[in-house]
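Visitor: Sequence:
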Amino acid sequence: MSTKIKELELEASRLTRETHKLGIPVMIVFEGVPAAGKTRLSNELLLTLDAKYSSFIATASPTPENLRYQFLQKYWNTLPGKGDINIYFRSWYAHYIDYKVNGIKHLQYKDYHVLRDQIDGFEEMLENDHYEIIKFYIEIDEKKRQDHIRQTKENPLTRWKAQEYENVIPDDIYLEEMHKILNDPKQKDWKVIDYTEREQATVNMYEHIIKRLKKAIKAYRERVVERDGLFTKDYKTDLFENRLTKVKKDEYNAQIEKLQQRMLEIQFALYERKIPLILVFEGMDAAGKGGNIKRIREKLDPTGYEVNAISAPTDVELAHQYLWRFARDMPRTGHIEMFDRSWYGRVLVERVEGFATVDEWQRAYHEINDFEKMWTDEGAIILKFFLSLDKDIQLERFKAREVNPDKQWKITDEDWRNRDKWDLYLEASADMIQKTDSSHAPWYIVPADHKKSARIAVLKRIIKTCETALWGVNHD
Numbered sequence: 001m002s003t004k005i006k007e008l009e010l011e012a013s014r015l016t017r018e019t020h021k022l023g024i025p026v027m028i029v030f031e032g033v034p035a036a037g038k039t040r041l042s043n044e045l046l047l048t049l050d051a052k053y054s055s056f057i058a059t060a061s062p063t064p065e066n067l068r069y070q071f072l073q074k075y076w077n078t079l080p081g082k083g084d085i086n087i088y089f090r091s092w093y094a095h096y097i098d099y100k101v102n103g104i105k106h107l108q109y110k111d112y113h114v115l116r117d118q119i120d121g122f123e124e125m126l127e128n129d130h131y132e133i134i135k136f137y138i139e140i141d142e143k144k145r146q147d148h149i150r151q152t153k154e155n156p157l158t159r160w161k162a163q164e165y166e167n168v169i170p171d172d173i174y175l176e177e178m179h180k181i182l183n184d185p186k187q188k189d190w191k192v193i194d195y196t197e198r199e200q201a202t203v204n205m206y207e208h209i210i211k212r213l214k215k216a217i218k219a220y221r222e223r224v225v226e227r228d229g230l231f232t233k234d235y236k237t238d239l240f241e242n243r244l245t246k247v248k249k250d251e252y253n254a255q256i257e258k259l260q261q262r263m264l265e266i267q268f269a270l271y272e273r274k275i276p277l278i279l280v281f282e283g284m285d286a287a288g289k290g291g292n293i294k295r296i297r298e299k300l301d302p303t304g305y306e307v308n309a310i311s312a313p314t315d316v317e318l319a320h321q322y323l324w325r326f327a328r329d330m331p332r333t334g335h336i337e338m339f340d341r342s343w344y345g346r347v348l349v350e351r352v353e354g355f356a357t358v359d360e361w362q363r364a365y366h367e368i369n370d371f372e373k374m375w376t377d378e379g380a381i382i383l384k385f386f387l388s389l390d391k392d393i394q395l396e397r398f399k400a401r402e403v404n405p406d407k408q409w410k411i412t413d414e415d416w417r418n419r420d421k422w423d424l425y426l427e428a429s430a431d432m433i434q435k436t437d438s439s440h441a442p443w444y445i446v447p448a449d450h451k452k453s454a455r456i457a458v459l460k461r462i463i464k465t466c467e468t469a470l471w472g473v474n475h476d
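Going by full-length UniProt numbering, the sequence shown runs without a break in its numbering and finishes at 476.
These aren't lab readings, by the way, just hints derived from the structure by calculation. Cβ coordinates follow ideal geometry from the N, Cα and C atoms, glycine included. Treat the hints with care, as some may be off.
If you anchor each label on the Cβ, the simulated ranges turn out as follows [claimed, not checked]:
hint : residue 1 : residue 2 : range
1    : R227      : G290      : 27 to 33 Å
2    : R227      : L395      : 27 to 33 Å
3    : E257      : E127      : 27 to 33 Å
4    : Q362      : N253      : 42 to 48 Å
Kindly produce the complete structure, drawing on both the sequences and the hints.
Guide: Structure, rendered in structure tokens:
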């Protein structure tokens, strides 16, 4: 090893200790045709990094189980936390080419360019959250590459690796697709390294990493943090003024039984067609989110759904991009996932309480729209319900909970504090609905002053939407 490479290793090691200390997550991507030098360069780098906070993520063709999840699921699941470093041996780019070339999920992705849009959105979200993404494309003289492959085939201990090369994407197609990516004006920061001269390639790799890490550390130290919900004085809105007629008890009992039975039939049809259903519930405290979820799942097969009751993020969750914990809980094909509160906490409680910076909560509307589209692009149904409540009725429910031994656990000091900020939550909720209501993931405002009426309305909406998606039923 040359003295220069040793010096570069020491500098890269020092800088990664600094990024770890500052909590800057780093993602290093290696792309290139088989036998181009990716393995040697990535291993060289891996040995330089501290094993306590570095990981190696290899991308292979998706298994049948992988295909039950969203295109980027593997990469959401393995996102590094603050201060950690991931090396990606092939990445979401090779994954995209595999999908496109081999027609993977062609029924869902008639135009595979939508996956490129997902990748762009994914990287933008991470970079805005101060992830440092360093991308290498490794190339090599073709004669030298073929020599590598021949030597690998001739060695009984490495022959399997050469055979693996033959089963991946054809080299010429991979090269064509990667060059389209590298030449795309929207793509940036790719570093192309020629591995024909191994030592020079190693020098080039370390010099680029050092340059990027220094830039990331400088940006971290210059970061300006502003926390302000930017609320309107004397805010008013009529967005939540609608009311539902109170349903009579006997009529409710007759309707709910039929709707729940139909919901079970819908569940089986979703499973058979491999369509995931994602139900999101937000709303005022005591509006009945849990009660609605309970009635939806009352007759469902418990092997086919999950409920996520979202609370304050843990230390591990805070160490990741804020959508990470939700992406990990999204359903596989044919399953139902219900969220009692959700990723919208970023633009609700985090905005109101000042947990998110101005930049974080303002850009979250766009990020959330992109995030939801990643799943609906693949055929998922997303329905979002906001349960609105009259302020006086909320007070009645709070007081009723305080005197009911079976419901006292439901009322907390935080509920009363949130009530004191009613107008702030009202404005945050209205902004959220107006900026994230989309054709692919619509919001439904459900007046919840009458619990039973709200439950009927929610179930009817879920069933109508699913009947349209499953069988083309027109409910207009």
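Visitor: Each hint needs a verdict: does it hold in this structure or not?
Guide: Checked hints:
{"no.": "1", "hint": "R227 - G290: 27 to 33 Å", "result": "holds (30 Å)"}
{"no.": "2", "hint": "R227 - L395: 27 to 33 Å", "result": "holds (30 Å)"}
{"no.": "3", "hint": "E257 - E127: 27 to 33 Å", "result": "violated (51 Å)"}
{"no.": "4", "hint": "Q362 - N253: 42 to 48 Å", "result": "holds (46 Å)"}
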